[in-house]
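Chains as they are written, first to last, in numbering that gives the first Met the number 0: chain B, 0 to 355; chain Y, 0 to 355; chain V, 0 to 320; chain R, 0 to 320.
I should point out that these hints are in silico values taken from the structure, not numbers from a laboratory.
C-beta: ideal position from N, C-alpha, C; glycine also.
Please note that a few of the clues may not be correct.
Using 25 Å as the maximum straight-line C-alpha spacing, the simulated DSS-like pairs for lysine-lysine come out as follows [stated by the list, open to error]:
(1) 281(Y) with 53(Y)
(2) 269(B) with 281(B)
(3) 178(V) with 38(V)
(4) 53(B) with 315(B)
(5) 273(Y) with 178(R)
(6) 273(B) with 38(V)
(7) 178(R) with 269(Y)
(8) 269(B) with 178(V)
(9) 178(R) with 38(R)
(10) 281(Y) with 269(Y)
Simulated restraints on C-beta separations [claimed, not checked]:
(11) 294(Y) with 20(V): 22 to 30 Å
(12) 153(Y) with 219(V): 29 to 37 Å
(13) 19(R) with 203(B): 31 to 39 Å
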Amino acid sequence: MATSSTDVPIGPRTPAEESPPAHLTADDRIGLLRAMLLMRAIEQRAMNLYRQGKVPGSFYDGFGQEAVSVGATWATAAADRLCVLHRDLGAHLVRGVQPATILSQYMGRDAGVTSGRDGNVHFGDYRTGCVGMVSMLPDMMLVAAGMAMAFKLRGEARCALTWFGDGSTSRGDFHEAMNWAGVQSLPVIFILENNQFAYSTPIDQQFAVNPVQRAAGYGFPGVTVDGNDVEAVFEATRGARERAIAGGGPTLIEAVTMRMHGHGAHDDMKYVPKALVEEWRKKDPIDRQSARVAQLGGDVDALRDEVRAEVEQATKIALAGPMPDPATATHRLFHPRDADEILTEDGQAPWSGFRR
Amino acid sequence: MATSSTDVPIGPRTPAEESPPAHLTADDRIGLLRAMLLMRAIEQRAMNLYRQGKVPGSFYDGFGQEAVSVGATWATAAADRLCVLHRDLGAHLVRGVQPATILSQYMGRDAGVTSGRDGNVHFGDYRTGCVGMVSMLPDMMLVAAGMAMAFKLRGEARCALTWFGDGSTSRGDFHEAMNWAGVQSLPVIFILENNQFAYSTPIDQQFAVNPVQRAAGYGFPGVTVDGNDVEAVFEATRGARERAIAGGGPTLIEAVTMRMHGHGAHDDMKYVPKALVEEWRKKDPIDRQSARVAQLGGDVDALRDEVRAEVEQATKIALAGPMPDPATATHRLFHPRDADEILTEDGQAPWSGFRR
Amino acid sequence: MTEMTYLRAISDGLRTEMRDDGRVLLMGEDIGVYGGAFKVTDGFIDEFGPDRVMDTPLAEAGIVGTAIGAAVVGLRPVCEMQFADFVACGFDQIVNVAGKMLYRQGLPVNITIRLPSGGGFSGGPFHSQNPEAWFMHAPGLKVVAPSTPEDAKGMIIASIRDPNPVIYMEHKNLYRHVKGEVPEGSYETPFRARVAREGSDLAVITYGGMVHTALEATHDLEGASIMVLDLRSLVPLDEAAILAAVRECSKVVIVDEANQTCAAGAQVAALIAEHGFEDLDGPVVRVASPDVPIPFSPPLEAAVLPSVDRVREACRQLLEY
Amino acid sequence: MTEMTYLRAISDGLRTEMRDDGRVLLMGEDIGVYGGAFKVTDGFIDEFGPDRVMDTPLAEAGIVGTAIGAAVVGLRPVCEMQFADFVACGFDQIVNVAGKMLYRQGLPVNITIRLPSGGGFSGGPFHSQNPEAWFMHAPGLKVVAPSTPEDAKGMIIASIRDPNPVIYMEHKNLYRHVKGEVPEGSYETPFRARVAREGSDLAVITYGGMVHTALEATHDLEGASIMVLDLRSLVPLDEAAILAAVRECSKVVIVDEANQTCAAGAQVAALIAEHGFEDLDGPVVRVASPDVPIPFSPPLEAAVLPSVDRVREACRQLLEY
Ligand SMILES: Cc1ncc(C[n+]2csc(CCOP(=O)(O)OP(=O)(O)O)c2C)c(N)n1
Ligand SMILES: Cc1ncc(C[n+]2csc(CCOP(=O)(O)OP(=O)(O)O)c2C)c(N)n1
Ligand SMILES: [Mg+2]
Ligand SMILES: [Mg+2]
């Protein structure tokens, strides 16, 4: 397959062999693990709710890819703006969306981010500086480029960041966004989440050459990183952000990972070789970060219990919430003339680097 | 500017210094010149007719770019299929469309290729194996890829060829076509006609890196050729076609040239530095080929007279033809069920290589 | 005759025509190995191979554009949009290349584009649309929308054989909910309307998924005799059948699931207002979705999509007019 | 008040708003150095610089998509499609990203998209379209179509200030042919209909370029009193004004230049047939282009586009009804 997953060594060295990360404190490293644990716990809980018929429509998760959204988002500043995609629940958590709000979203409750107007992963909470995805992939690359364009035009030290999958790179909007960002040298970070499949389609039917190698053809760097190493994803994004803010232009980061569940809850992914899944199970991003945290002397089990309890509590709250009022179904088609029109607010930026 | 026109030496060496082309007979070389002369004479005549108000709407020409369409088309076989763009009148001539038919087309006469349904360069005569362009650029890249896909699926030794400009490479369809052709390794030839401008937009506002360098990112070769050397364009296309027919897949050929007139008849191209135009006038493709033909002992003046006479004759015929009957304006919206549905016929293929 | 679901009837039609005509080629995302997001082409790749059941890159313009090229040189591609909503990404190739090719230069483009459309299962704003009106407003495209398994099979075969671009609307809610007798072997359903139920007091004019809503809403309406006209084809639109229904019933309710403004139903209403005016005994009533994206959450979606109750209420009021 | 062309009025409106509001940014192909294919932004780059009068790559999805992003963080982009026809290449970003953003997640998208539209000068199938109905059928977009210089200026300013995506239709035939008095300085024209001429025997309901065709066609029709209603805004549609015109005149001719099926005129006719039925003294007559691409050659184009004669004849016949 024409992926560079073969090119980069994937799979943990023992934490002992690793040199400590330059830009992450012990708290950061624990925080990264906690966010990944929280993402997984919420998605697993939601999957149960789906099986119980409490989640309408379909359900998509990012099982096995937690490091990509969590690691990248950890490097974003409060004033940055993100377009979060459908495997990236961790981004919402790091930016500050509450678990109960997310579970309400999945269940179409009024307390969900979109108050039931859109479902599952199709949301973005502008109160955390995020713009929700549309299904059409990868349309948000252009929206992210546009936000970055505005930042550059106004001379603001901010960047925009978005994710997209291997399959999404085949769409024209990928090209228009890459070219636009290159020509205008925009402070935008594109994260290609290469999880080996687009629904059932393997990457070798999607492209003949790995898209990360196309970045040069647009005039900016493309870097490949182990997408199951949350600290590596963080570091690549941190560097890309530093360049972006300094006027260095865009970066395309390929995070090599694997979609460990079906495309959606309905998909048994018969089409994926069992061996491939087994190989990747050994590279679980949470196991890897857990080992590091243990090495730091952190109590991973306590962390897991804490997260489990938090999710149980959130589930109770979400289940107790009402469905939206049908009478509101036709409201808010147009924004009132007098109201404020810039609504995105800064999100959480837990990285210690912003507090130093 | 991020063009490779700087990378390739442009401008004639004297014919004496040149080694004779490997795959062109003297007749081929004269034929190439004749086709370019014919293209220029027709377009100049049409420009007069436009000024006289006999050509409705707008008018576009390929002045100075004659070598690109003539040279490439000279390498196409009768069974190949072409999507001809708006600077490529030479392609229609080489494939066998009559000058009178073309002038009728420009004037919206019934005898035009589209019987007045479409205008100026927006045509393709399926009787010569050509599919007419649409205005939306570069949509035809996908149509050409699709024809090549059919040839490959049926195991036919044919290829498809299309042209497009530097500006057109910014559209998503460029990417979807390049990627598709690469993934399926299709027998298609993409000719990027880099004439330095897209309407008024210079190439450095269109891309940060010359698109010919993107071909590798799709898994096939991209080659740059002097677009004002008709024999060089022929040779590059001949080689690409040989690869395509042999199952070697697509080729992207960048023909570096210059749009010597405005975007359309209405455009005084104030935005183009005079010096740039002057520089390119010295590289006129017809002058260059004329020198070669003279060196071969060909009588270029006689050829010019012959062509001028042919165009005068064609103009008389075209001017004598009626406008279309308004009663037919709503006809042929749908094709009848019983009628034949594969209408493209083979075109002329004058290259001596097909007769040997 | 065998009983089968609407979905299996489409599969049956595709399989039948692929066996009869080697030029037929299926193209789409995940239609091969996976058998399609809705399993319409389940198992096809085993019978016909990956060349004729082509898993394509994720690129709607690419799917349509390459299909056009293949059609022009003699293949008969059937493109699947994974959901009708994604057709917006291939819109330009459809309306500007496919739709205008014949009129401009005499080249027919025999492609069929399958659009799994419609809401009712919490698909949300991007998996519930009914985009047929966009294509009705683009000259050179035929648009069909069968409502029964028998027609689904007959119209997919007719669409493939039709030398023009055909937009084939298949409502997702019919896939597994609607069953019916389907003739064996190969046959074509004409692009004309069908009287789904005879009636003389009021005519409900509709198509696709809403045909079943209309039948249920009106199967007993205080003994009134309600005709249900299933348009089946939107382009060409069976104007004669529509005007005949108006003559017969003098009262008309037009139902479509799409957002109401400039929808298919608007065209039908305009046609009646101009050419059926003298036969009318009451206003031309429309039932459609209000002009909002189709929301995800069940109570919101139910408030937006035309329901059996809304259709029944509209008919009752018009009968009393 | 100064007299100026429709085209200069648009320029005047853009310039006025750009001077008043630093958030306003123009984006498009060849709008800067060249001043736009129609010179609407001629000289703007000198006053506002290349950052605010941005020559973009040739990429319609790119223009719309990046404009959406810029709008969400506080700019007010005005996008020019070089011709309305090319909007098909940015269709998905408009209907799926811009149109649904507010409804789904509460984020307004303040962009204006200028579409130089319409035929009548041998533009052919790709430079003559009137695509407004596609956007009327996409929830979340406003659609306006001024017909006079005064409204052209007032509506471009109102469109920029409106926090929602606005599709601004500017008919190319009005650019230089239509002149009128235009107020100095800044003002807004509301998104409501306007009575272009009072009348009581028959109402012609139209918008954009066809307003002038309608006025010419009916300025003396054997002494009949003909109202001409200029819709100006298609979304929101001024239903009250339309129904008032029906009450006043009881006879209606609806004129639009677009291909007739599912056009704006179909929606107006459907509205009248449902809510103005009792006021009607005759069929709701429509004049529009037949469903074919707009041909290039003058005699063919003239046979397709609604003409003064066709409108006059339609009115004469309806008056006799
Ligand atoms: C334009 C478009 N076409 C089709 C789809 C249907 N679809 C949803 S997800 C998906 C696969 C996406 O693959 P990839 O980009 O690799 O992302 P992943 O799901 O693997 O993270 C497809 C085809 C879509 N969302 N958008
Ligand atoms: C999709 C699209 N957008 C806009 C236009 C309007 N337009 C016509 S030609 C042109 C410039 C094309 O430049 P290039 O591709 O370099 O071709 P050239 O005319 O220089 O040969 C533009 C913007 C178009 N034809 N298609
Ligand atoms: Mg993937
Ligand atoms: Mg060019």
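Here's how the hints hold up against the structure:
1. Restraint check for residue 281(Y) and residue 53(Y): not satisfied, since their Cα atoms lie roughly 32 Å apart, outside the 25 Å limit.
2. As the CA atoms of residue 269(B) and residue 281(B) are separated by approximately 20 Å, the hinted pair is consistent with the 25 Å bound.
3. Of the supplied pair hints, the one linking residue 178(V) and residue 38(V) holds, its CA atoms being roughly 16 Å apart against a limit of 25 Å.
4. Between residue 53(B) and residue 315(B) the alpha-carbon distance is near 13 Å, which keeps this suggested pair within the 25 Å criterion.
5. Between residue 273(Y) and residue 178(R) the alpha-carbon distance is near 37 Å, which puts this suggested pair outside the 25 Å criterion.
6. Pair hint residue 273(B) plus residue 38(V) holds up; C-alpha atoms about 22 Å apart against a cutoff of 25 Å.
7. A C-alpha spacing of about 28 Å is found between residue 178(R) and residue 269(Y), which places the hinted pair above 25 Å, so the restraint is violated.
8. Taking the CA atoms of residue 269(B) and residue 178(V), the gap is about 28 Å. The hint is violated against a cut of 25 Å.
9. Taking the CA atoms of residue 178(R) and residue 38(R), the gap is near 16 Å; set against the 25 Å cutoff, the hint holds.
10. As the CA atoms of residue 281(Y) and residue 269(Y) are separated by approximately 20 Å, the hinted pair is consistent with the 25 Å bound.
11. In this structure the hint that residue 294(Y) and residue 20(V) lie 22 to 30 Å apart at CB is violated, the actual value being about 56 Å.
12. Taking 29 to 37 Å as the suggested C-beta distance range, the pair residue 153(Y) and residue 219(V) does not conform, at roughly 57 Å.
13. In this structure the hint that residue 19(R) and residue 203(B) lie 31 to 39 Å apart at CB is violated, the actual value being about 55 Å.
Of the numbered hints given earlier, the model fails hints 1, 5, 7, 8, 11, 12, 13; all others are met.
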